[in-house]
Amino acid sequence: MGHLRSLPKPRISESEESFSKTISHMMYGFGDDPNPLPETVALVEDIVVEYVTDLAHKAQDIGSKRGKLSVEDFLYVIRKDLPKLNRCKELLSMQEEIKQARKAFLEDE
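For what it's worth, the numbering used here labels the leading residue of the sequence shown as 48, then goes sequentially.
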């Protein structure tokens, strides 16, 4: 039997580590173990990245006809998935409310 050499671990950037930590926290929030296996976190991360990449490509295909990408392109892509569509609209509405509140706060100063 030969000697097995361990390969150096690839360096993980700070943002990648933060993303993995965020996924780990989300998994716990949805009922997983407080410290899920790194392999499980990596698998969920791969699934999320693949989904978001696919969504962005589909939105880009729609936006390329006008020459630019917009929020409406993403909403169009998810139009048949009503829970996601409604949640996105809710978050966009909340974003607008926060923007208006900040604007009003800054005007008062």
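Hints in this document: simulated from the structure, not taken from any laboratory. The structure displayed is predicted, hence computed values, not measured ones. Be a bit skeptical, because a hint or two may be false.
Pair by pair, the computed Cβ-Cβ distance ranges are [unchecked claim]:
# : residue 1 : residue 2 : range
1 : Met73     : Gln147    : 26 to 34 Å
2 : Ser111    : Tyr75     : 33 to 41 Å
3 : Tyr75     : Asp101    : 35 to 43 Å
4 : Leu102    : Ser67     : 15 to 23 Å
5 : Lys115    : Asp79     : 25 to 33 Å
6 : Ser65     : Leu90     : 15 to 23 Å
7 : Ser62     : Lys115    : 20 to 28 Å
8 : Phe77     : Thr100    : 20 to 28 Å
9 : Pro81     : Arg134    : 38 to 46 Å
Only pairs whose alpha carbons sit at most 27 Å apart, straight line, appear in this in silico DSSO-like list of lysine-lysine [stated by the list, open to error]:
#  : residue 1 : residue 2
10 : Lys105    : Lys127
11 : Lys146    : Lys136
12 : Lys136    : Lys150
13 : Lys68     : Lys115
14 : Lys127    : Lys115
15 : Lys105    : Lys150
16 : Lys127    : Lys112
17 : Lys68     : Lys131
18 : Lys112    : Lys136
19 : Lys131    : Lys115
20 : Lys105    : Lys115
21 : Lys105    : Lys131
22 : Lys115    : Lys136
23 : Lys131    : Lys146
24 : Lys112    : Lys131
By construction, the Cβ of each residue, glycine as well, lies at the ideal position given by its N, Cα and C atoms.
TODO: If any of the earlier hints don't hold here, list their numbers in rising order.
DONE: 3, 5, 9, 13, 15
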